[in-house]
Each structure stands twice: as C-alpha cells, then as structure tokens.
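Q: Residue numbers (the numbering used here), protein chains in the order written: chain C, 320 to 704; chain F, 196 to 537.
Be aware that a few hints might be false.
[Unchecked claim] Within a straight-line C-alpha distance of at most 30 Å, the following computed BS3-like cross-link-like pairs (lysine-lysine) qualify:
1. F:K267 <-> F:K506
2. C:K384 <-> F:K515
3. F:K425 <-> C:K448
4. F:K515 <-> C:K448
5. F:K251 <-> C:K384
[To be verified] Selected chain C positions facing chain F (in silico; Cβ < 7 Å):
6. E644
7. A645
8. S647
Since the hints were made in silico from the structure, they are not lab data. Beta carbons are placed, not taken as given, at the ideal position from N, Cα and C, and that holds for glycine.
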Amino acid sequence: MDHKSLKSTRMRYRRERRFKVYCIAALVLACLFLVAFLADIVVKGYSAFWQARIRVEVNYTQEVKDLPVLSVSEEVSPLISRAWFRKIPRRLNQHPEMMGTTRTQWVLASGAVDQYLKDKPNGLKQKQKRQVDRLQDQGRTKLAFNTHFFTNGDSKLPESSGIFSAAVGTLYVMIVTMAFSLPTGVLTAIYLEEFATDNWFTRAIEVNINNLAAIPSILYGLLGLAIFINYVGIPRSSALAGGLTLGLMSLPVIIISSRAALRAVPDSIREAAFAVGASRWQVVSHHVLPMSIPGILTGSIIALAQAMGETAPLLLVGMMAFIPEAPSGFTDAATVLPAQIYTWSSAALRPYAERTAAAIIVLLAVLILLNLTAVLLRKRYERSW
Amino acid sequence: MKTTMKRLTVVLAAVTVLLALGAGNVQARDQIRIVGSSTVYPFASYVCEEFGATTKYPTPVIESTGSGGGLKLFSEGVSLGTPDISNASRQMKLSEYERCMENGVEKIHEVVFGFDGISVCENTDNPGLNLTLQELTLAVAARVPRDGKLVKNPYDYWNQINSQLPHREILIYGPPTTSGTRDALEELVMVAATKKMEGYDNRAYTSIRQDGVYVPSGENDNLIVQRLNKNRDAMGIFGYSYLDNNRGKIQPVNIEGVEPTTQSISSGKYPVARDLFFYVKLDHLDQVPGLAEYVDLFLSRKMIGDRGYLKRQGLIPMPKKMRQQQRQEWQERELVQKSDLE
C-alpha cells in the first residue's frame, strides 16, 4: 500500500473511533439523566411507604360518639390524625360491643408527627415535639408499612391519602380505552391494508392518520369534551368519558402499528390462500390476522402505556378532580394516577411531596411491567419468513 | 380464527352498550357535583371529604375550574348533567345571573361562608407602619414603571418608593406559587393596584420579583416568624388566620390605613380580604340525595365556626351574627335576586 492510502485509512479509523466516543458519550449522558431522575424520585418517595403510628389507650364511651377527640387522653389527641377520629362514630355503630371498653391500639399519627419522625420539616410546636420524643422513648411510636397508601383514596389529610381510587380509576379508564380503540383501530388497519385499493382517498386518510399521531394530546381533550360530554351527554369526570377520549388519542398509534404488523405478513401466504380458493375474508381472518396478532398487541400495549401516563386531555373532561372514593362503575366520577400525581405535586402541605414521589414510583412500576410484556410478547411470538 | 372475530364483535357490542349506558345515566345521580373557584377548593374539598367520611352519602365530586369557569358550567341549565354547586371567590356577576335565567336556572341560593385575606406582618419591636396597595405592589413586582417604561424593580429600601416611608431594607418572606395566599396576594394586592396605575397601562400585572427581595417561603409559617424575630427589617406575608393565632409574636402592617381585625374584614374595610361564596342550584335539592345535608354541614359550627376545621385550612371565620344569618337564609332557601348583584 502506498503512503497516501495508508494515511487515509488511518484517518478513517480515527474518525470511526471518534464517532464511537460521541455515541458512548450520548448514551452515558442519557443514562445519567435517567439515573438522576430515578434516584431523585426514589430518595424522595420511599419514605411514604412507611407511616407513623402511635400506641394509645382508647376509651369507647357514649360521649365519644359525638366528640371522638375525647376517646384518647388530652395530651396525645393533637398528635393523632383526624382521619382516624372521624371514623370512630361509624365504627361504634357497626360494632356495638366495643362500647364501654378501653383498648390499646396503634392509631394513625397526624401528618406533622409523621414528618417529624422522618426528620423532615414539619409544623409541630416545640411542646409537641418534646411530647413525641417522650412517646418515642417509651416505644409508643413506630413507622409501620403504609397500607393506607394502597387502600385509601385521595384525602385533604395527607397522612390518610392514598392511590387506591386513582388506581381503580386508571383501570376503568384503560378498559374503556382498549375496548374502544383496539377493535376500531385494528379493523381500520385491516381495511386499509387488505381491502382498500390504493387511490388518492386512502392515501389522504393515511396522511391524516400519521398526522393525528403527532398532534398535542390536549386537542383530543377538547374533542372529547365537545363530542362525548356536550353532545352524547356522558357524565363529566367519568371513566367512560376519559377512556373514550384517550381511546381517540391512541387510535392513530394502534392503526399505524397494526398496519405495520399486517404488512409484515408475507404476500406468499395470502397468495397461497387465494390459490386454494379462499375468499378475502377467509384470507384475513384465517391467516393474516392471527399471524400479525403479536405485532398488533405489542403496538397496542405501547399505546395503552402512553394513554396511561396522559393527563392533559383528562383535565378537559373533568378528571382532574378531588375524588376520595374509588369509582364503582364506568359512569362514576373517577381520577387517574397521573392526575393524582399532578394534584399532589401542587398541594401546599409538605407530606404530599413524598406521596407524589411514591405515586410516581408506583406508576413507573406499572409502566415498566406493561412495556416488559410488550417486549416479551414480541420475543415469544416473533416469526421470520 | 373464527373465535377471534367473534370476540371482536362481542367487544364492539360491549362498547355500544357502554355508550348507551353513559347517555342514559345522566338522568340519575347519587353524587353531588361541585365546580368553581380554586380559592374555595381547599375548603370545599375538606368539607366534601368530611361529608363522605361521616355520612351515609357518597363523597361529592369537586373540580377546581376557577370562579368564572364554574359559574359557566353551573348556568348551563337544570339538567342533572350540570353541577349542583358552584364555588366562587367573588359574587356572581350580573351577566352570569342573566345567563342562569336564560337557561332556566331560576332558583339559586347564595351562601357566604367566610373570608379569605392576607396580612403583612413584622417584628413587634417596630413602631408600626402603614402601606398602600400601590407601595406594597411596587415593593414586590418584578417590573415597575419608571419614566413611562416598565423596568426591572430597582427598589431596595422603602423610602425609595415613598420618601415618607422609613429608610428600611425591603425584605419580604411570602407564600410560594402553589399557595392560595399567593393567589390572594396577586389578586387582592397586585391586580387591584396595577389596574389603577399609569405605568401598567391599566392592565393587571402579577409577576413577583425574583431577585432575592421577595423570598418565597414554604408552608412553614413558624419559620418565617423566626426570621422576623431575628431581622427587624423583614416582613412576612401570611394568611390572616395565622396572624390571628400569633398576635403578640408578630404585628400587622396597616394597609391603606386599616388594621386587619375580624371586624375590619367582615365589614369590608380592610382592602386585602374578600368574601367567599358558593351557589346552590335549588332545583337539584330533591333530585340529588344529600345536597341539603352537605350545605348544612358546610354551614355548621364545626366547619366555619370560630374554632372550626376550616380555620386551620386558612379560612377567616365570619362573626357569629353573620353565620346565623347565613344559616337562617339557607333554612328559608332564599333566592338570589337581580337587585342583590351589582
């Protein structure tokens, strides 16, 4: 090799190495952001999975029914959550045998006590802090696993607030979204891919669908408000209204991914089926669709995951609301996890900050699970021709 | 794959049924629906939760839409698809009342349940101070008018704003953006003042300076008090109820010559306080279970009384007489008249 070409080869190698370094640097940067984000969330949020409790003597007397605060001694009552007190009258009605007894119970501490025990800023007065210290020395306080976080809905008392109603709401919304957008999207894709002839009309539809996949999601909220709530008359804030709105939003993604999946089925299979006299309907329903189902499902799960993390369109259909009770049907008022996260993040009281982060952890876990399913489905059923 | 197609058909049918259910269900409702002001939202949602936790009725659904947005939804008609109650941080406007009438919402009851206001406080060793809304705005605004132009706020000392004021460093600990007190500061002080000031073109201006003179402080009001005790120059902006609970530790600055007291607030003399309202659609009373009980609970002593729960959330309770009058009017289901509105 002559000198000149040797030099140019070396330069090419060098360029390649440099390029590789750039790529790795980009990857490292992306990873850093991801790790920083996750670490921040976990550090802020993990403490919300534990909640302060105080052991007290509770007197269930007749007067407690009217004034629940009287059930415990005066000095500890300011340290206990009102969420616990206000449930006493109802509990006494349900369990009349408790009346007149004195029990030692672990009860929910107020949010300020909880934050104090976690060494975070809190609104406790000096005297109350000493009181809590004393209780702690006597072993009468503990940080127990926060079951309320998973069994309660939203609350104005941070210590008793949880994600249950938002999680159930998310479930309902996702059922509606899938029930609406999966069949509609897949059927549209089948028509466009298998039946429609290639003319200006179908091409225009295709361009429009691709376009719709990219428009800001809030526009779907406006559309949902105009059609489903104002025109059809579906109740505001209901899982039905939210689900259909998110369904509209996921349609383009589902159509596009389903079409890609259908297109991946080689023509030889269609031709073979036609050759033995199958009708177009038979070709699609017996051969093409079953073969493309893994691809369709993968796309749909990704669309579902996207819809699950969405808040903007739901704001407009009234799902960003204070809803402490889990919905019991599709037309009941509901809220969803991302909306709950947003509401907590803007709440002024300090204990909501850790709950915000904890709810993000839960949402991320569910999303990872969904995306993992998509990957596994693809791996399991992937076929090559 | 016949079964796949069959399943698809079933799902499609299910969606249609759902849609039909949705449309049909508007006519029956067992949950109270509330919309309206974000200022009233923390109080109303507290009552909602208490209502759900202590009565046999389900928890009302409450949405924060702003006073105007809420009254717009409220005035759409009397069908059960419209809200039962709209919260407002101001009185209903005449135009909104007329829209209600046009759409058949003729029976409306107005409730005033308390006040919301802010106080500017300082160290008790200070000789006392009086500020106008305009002076206060010039101290906290991000940009101020100077020689006909809006410039970055140059004021570091109060006597630069008005030579009558003492030579005292401007340092204000105030509410962060997430707080309702911040809304009150922006609306009751800045909007009120800048609308009348020349340099702002009579337009509302609400940006607060970020050069360290105004220090946004978290919810921990106790911390602000500690700062005020250390630094006599500093001032703190609190919800009024906080001042009320801590008289002796801090003292209020008079605004436009008026000292904040429960009296001056309920009479409307103190300029940085406002009435809080909600409007009830009386047509829904016998159709939505629990609606009357909700209003009863809201007006009860344990909520809006002198030592009620809402006080801890920052509400300024009304004097006893006014509370009794509100309850009386509610018992009589008094209607809003056109002449009541300005």
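Q: Holds or violated: K251 (chain F) and K384 (chain C), Cα atoms, limit 30 Å.
A: holds (16 Å)
Q: Can S647 (chain C) be said to touch chain F, with a Cβ gap under 7 Å?
A: violated (9 Å)
Q: Quick check on the hint: A645 (chain C) CB to chain F CB, less than 7 Å?
A: violated (10 Å)
Q: Taking 30 Å as the top limit, are the C-alpha atoms of K425 (chain F) and K448 (chain C) close enough?
A: holds (22 Å)
Q: Interface hint check: E644 (chain C), Cβ to nearest Cβ on chain F, cutoff 7 Å. Holds or violated?
A: Because about 5 Å separates E644 (chain C) from the closest Cβ in chain F, which is inside the 7 Å limit, the hint holds.
Q: Does K515 (chain F) pair with K448 (chain C) here, judged by a C-alpha cut-off of 30 Å?
A: Violated. K515 (chain F) to K448 (chain C) sits at ~34 Å, over the 30 Å cutoff.
Q: When you check the alpha-carbon spacing of K267 (chain F) and K506 (chain F), does it fall within 30 Å?
A: holds (29 Å)
Q: Please work out if K384 (chain C) and K515 (chain F) have their alpha carbons no farther apart than 30 Å.
A: Holds: K384 (chain C) and K515 (chain F) sit about 26 Å apart, inside 30 Å.
Taken one by one, the earlier hints fail for this structure at numbers 4, 7 and 8, listed in ascending order.
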